[in-house]
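There are 2 protein chains.
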Amino acid sequence: MQSFDYQTPTRLIFGKGVIEKLPKVMSAFGKKILLTYGGGSIKKVPALSDNPSAGSLYDYVHALLKDFEIVELSGIQPNPKYNPSVLDGVRLCKEHKVDVILSVGGGSVLDCSKAIAAGACYDGDPWDLISYKTKANAALPIVDIITLAATGSEYDSGGVISRTETNDKIGYMDRLLYPAVSFLDPTYTFSVSKKQTAAGIADAMNHTIEQYFAEDTTLLNDGFCESMLRSLMENGRKCLANPNDYQARAEMMLCCTYGCNGILSLGNSESGWPCHGIEHALSAYYDITHGEGLAIITPRWMKHILNEHTLPRFVKYGINVFGIGQELSEWDIAFKAIEKTYCFFESIGIPMHLREVGIDESRLDEMAHHIAVNEGLDQAYSPLTQQDIKDILVDSL
Amino acid sequence: MQSFDYQTPTRLIFGKGVIEKLPKVMSAFGKKILLTYGGGSIKKVPALSDNPSAGSLYDYVHALLKDFEIVELSGIQPNPKYNPSVLDGVRLCKEHKVDVILSVGGGSVLDCSKAIAAGACYDGDPWDLISYKTKANAALPIVDIITLAATGSEYDSGGVISRTETNDKIGYMDRLLYPAVSFLDPTYTFSVSKKQTAAGIADAMNHTIEQYFAEDTTLLNDGFCESMLRSLMENGRKCLANPNDYQARAEMMLCCTYGCNGILSLGNSESGWPCHGIEHALSAYYDITHGEGLAIITPRWMKHILNEHTLPRFVKYGINVFGIGQELSEWDIAFKAIEKTYCFFESIGIPMHLREVGIDESRLDEMAHHIAVNEGLDQAYSPLTQQDIKDILVDSL
Numbered sequence: 155m156q157s158f159d160y161q162t163p164t165r166l167i168f169g170k171g172v173i174e175k176l177p178k179v180m181s182a183f184g185k186k187i188l189l190t191y192g193g194g195s196i197k198k199v200p201a202l203s204d205n206p207s208a209g210s211l212y213d214y215v216h217a218l219l220k221d222f223e224i225v226e227l228s229g230i231q232p233n234p235k236y237n238p239s240v241l242d243g244v245r246l247c248k249e250h251k252v253d254v255i256l257s258v259g260g261g262s263v264l265d266c267s268k269a270i271a272a273g274a275c276y277d278g279d280p281w282d283l284i285s286y287k288t289k290a291n292a293a294l295p296i297v298d299i300i301t302l303a304a305t306g307s308e309y310d311s312g313g314v315i316s317r318t319e320t321n322d323k324i325g326y327m328d329r330l331l332y333p334a335v336s337f338l339d340p341t342y343t344f345s346v347s348k349k350q351t352a353a354g355i356a357d358a359m360n361h362t363i364e365q366y367f368a369e370d371t372t373l374l375n376d377g378f379c380e381s382m383l384r385s386l387m388e389n390g391r392k393c394l395a396n397p398n399d400y401q402a403r404a405e406m407m408l409c410c411t412y413g414c415n416g417i418l419s420l421g422n423s424e425s426g427w428p429c430h431g432i433e434h435a436l437s438a439y440y441d442i443t444h445g446e447g448l449a450i451i452t453p454r455w456m457k458h459i460l461n462e463h464t465l466p467r468f469v470k471y472g473i474n475v476f477g478i479g480q481e482l483s484e485w486d487i488a489f490k491a492i493e494k495t496y497c498f499f500e501s502i503g504i505p506m507h508l509r510e511v512g513i514d515e516s517r518l519d520e521m522a523h524h525i526a527v528n529e530g531l532d533q534a535y536s537p538l539t540q541q542d543i544k545d546i547l548v549d550s551l
Numbered sequence: 155m156q157s158f159d160y161q162t163p164t165r166l167i168f169g170k171g172v173i174e175k176l177p178k179v180m181s182a183f184g185k186k187i188l189l190t191y192g193g194g195s196i197k198k199v200p201a202l203s204d205n206p207s208a209g210s211l212y213d214y215v216h217a218l219l220k221d222f223e224i225v226e227l228s229g230i231q232p233n234p235k236y237n238p239s240v241l242d243g244v245r246l247c248k249e250h251k252v253d254v255i256l257s258v259g260g261g262s263v264l265d266c267s268k269a270i271a272a273g274a275c276y277d278g279d280p281w282d283l284i285s286y287k288t289k290a291n292a293a294l295p296i297v298d299i300i301t302l303a304a305t306g307s308e309y310d311s312g313g314v315i316s317r318t319e320t321n322d323k324i325g326y327m328d329r330l331l332y333p334a335v336s337f338l339d340p341t342y343t344f345s346v347s348k349k350q351t352a353a354g355i356a357d358a359m360n361h362t363i364e365q366y367f368a369e370d371t372t373l374l375n376d377g378f379c380e381s382m383l384r385s386l387m388e389n390g391r392k393c394l395a396n397p398n399d400y401q402a403r404a405e406m407m408l409c410c411t412y413g414c415n416g417i418l419s420l421g422n423s424e425s426g427w428p429c430h431g432i433e434h435a436l437s438a439y440y441d442i443t444h445g446e447g448l449a450i451i452t453p454r455w456m457k458h459i460l461n462e463h464t465l466p467r468f469v470k471y472g473i474n475v476f477g478i479g480q481e482l483s484e485w486d487i488a489f490k491a492i493e494k495t496y497c498f499f500e501s502i503g504i505p506m507h508l509r510e511v512g513i514d515e516s517r518l519d520e521m522a523h524h525i526a527v528n529e530g531l532d533q534a535y536s537p538l539t540q541q542d543i544k545d546i547l548v549d550s551l
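Respectively, the protein sequence lines represent chains W and C.
Take the first sequence: its position 44, counting from 1, is numbered 198 in my numbering, and each next residue is one higher.
Take the second sequence: its position 301, counting from 1, is numbered 455 in my numbering, and each next residue is one higher.
Keep in mind that the hints were calculated from the coordinates and are not lab data.
Quick caveat, the model's predicted, so the values are computed rather than measured.
Every clue listed holds true.
Pairs of lysine-lysine residues, derived as PhoX-like cross-links and limited to a Cα-Cα distance of at most 25 Å, are as follows:
hint: 1; chain 1: W; residue 1: K289; chain 2: C; residue 2: K175
hint: 2; chain 1: W; residue 1: K289; chain 2: W; residue 2: K235
hint: 3; chain 1: C; residue 1: K178; chain 2: W; residue 2: K289
Taking CB as the label site, the calculated pair distances span:
hint: 4; chain 1: C; residue 1: H250; chain 2: W; residue 2: P163; range: 28 to 38 Å
hint: 5; chain 1: W; residue 1: G278; chain 2: C; residue 2: T288; range: 42 to 52 Å
hint: 6; chain 1: C; residue 1: K198; chain 2: W; residue 2: E462; range: 39 to 49 Å
hint: 7; chain 1: W; residue 1: R391; chain 2: C; residue 2: V527; range: 41 to 51 Å
hint: 8; chain 1: C; residue 1: D204; chain 2: W; residue 2: D159; range: 12 to 22 Å
hint: 9; chain 1: W; residue 1: A182; chain 2: C; residue 2: L482; range: 51 to 61 Å
hint: 10; chain 1: W; residue 1: D370; chain 2: C; residue 2: G477; range: 23 to 33 Å
hint: 11; chain 1: C; residue 1: K251; chain 2: W; residue 2: Y160; range: 27 to 37 Å
hint: 12; chain 1: W; residue 1: E484; chain 2: C; residue 2: H523; range: 53 to 63 Å
Where is the CB? At the ideal position from N, CA and C, for every residue including glycine.
Next up, chain W with everything else stripped away, as it sits in the complex:
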């Protein structure tokens, strides 16, 4: 078992109607708020599912925070952009001497808010921090209200920021960036589209798979991960069948929350998160939906790394996650487990070929090179060369 140094200080306030606690929570951090959001779901989602007169989340947040000064940054996109979103947010924080950021949306808005929180307390170019050229000394506190179950950004210290001109998509982590408080009301995810719900399921499943497939793991963590995967599949299917199923939306939301803060793999060896390494290039070059990219890559990556050495892990995965019968041979269990992974993603409506999301063979070499140079996958669980990465991409077409 590996040594570790672990802390997740975020407070989770979870359940229907918890937004009522917002004013009290915010008042601990100051009076000047940067309110960050994306394409407008904040203006459509009902703030209180049992009380339509409260209006949209946007309206109700303003009503609840009428005694605060609010500056807004809107239009934060999926795969959030350094320019303009991070830069604009940092500028607003500095100009208005903001005390605290309130992020309302999914993981993209929150990831962007984290980069802003660090940049606002830094005199130089915020890219210095994101690219690890220098380390932040401080960051503004962040409170978030989650409207999409997927990334787990609400319970981790990381964010992923894209810089279009260089095709960079960087996962940026710093202990300073744990949200102080995350509000999780499952009813806010009732209106999430089937496409985004499925992408969220795939995202959280891949977060778990990236930690499960590691050289050294524990019986404890293996069981945690297997439970995550079973729950995400069962509750994910229910969310798609009945978008207003509170119990299913709630459990999916809780599952997603555990995806990236390390609790699923404390003491495991590092896996290198290879599917993320590959997918980051896909969305940096083509701006595809992250969860869809992960779903496409995952079974191809599995097929590619299956060998004598990794076989026992696939066998365990097949038996405990998919209930594949132990009467089959180990290889048959492994093949079947990979097939079931693919079929599950396909069954929830994810386009399972790169061509379906607008990616053809033209830039595969360039992306494989970019990934090999930047993502350190030669150190991953089952190390990947540039040729390996290219093969996985070709197989994903």
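Assemble chain C onto chain W, guided by the hints.
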């Protein structure tokens, strides 16, 4: 799914030799330390398993903290006592204007240190806080070094304090009482006796069972709990067979850490922790080892509450924790699961009858009455009357 408001801010520093970080960690909290410990294991455990010249944990802590002022409170007993331990600790903190408490030992030392931390910042009788007569406004920060894997006090906000003259044993919780930092070096548990190792396994297993048997649970939490139980049994057996098995001691230590901070049951309905309610009286009246008391009570409690309504839960428990074949009838699976629970505790050397730990029938009525009045078990999962409690106690003789 139930709503919840959850936060575990404690930093876990886990692994062999992590104590080297102690001076840096302590310096964040001040210069004056109250060092709390128990019967002297601190003076026997080697501080660095690879470097005997570092001496005992006691010696090395003093060497590492030579630039700090240290006041000591020793002799804290299992089932830690309000009088003298808590009262002495509070007095020392006030007299010496202590900045931070350093607890070295198992859950009893840490539980006592938590009560001291709150009492040190309160003008009245500390029992007011422990008995919930009033709520603490502040508490001293706590750092701990764990030498016994069992209670999970290192990652929760609670403590259990006994007051001998009234036979009270109260579980006291307050968000202020999460340790700031917990040092977990599995080598410190190598010298834990077979008796205490087994009691620790039973303690952590019962913490999990208390959360697993609840009215509303999630597929996710069920899987987390089942994984805990499987890991505790497998690694517990290994620890007993080979006390210096680092991997097994480490995984057992990690499992125990999750026992009581709620992470295993976020969103579940309250179970009321009935076995703890009963066991607290046993150790308050007879000062028995907590984990042994829990092991004795658990299977009798299970047998008592098994009925048509609780049957599905026992079936799930039997199949997923013990691998009992699904070809059996539901009732047979449940009976077998309870039998296997009993047999596991017995197999690790726990005395499985109250008489074996010095408890006869003479005070069962008095204890059943005390439990019924004080523990609220009429609200527990499968509610218990005073007669139910008495029956469970009689069955445990």
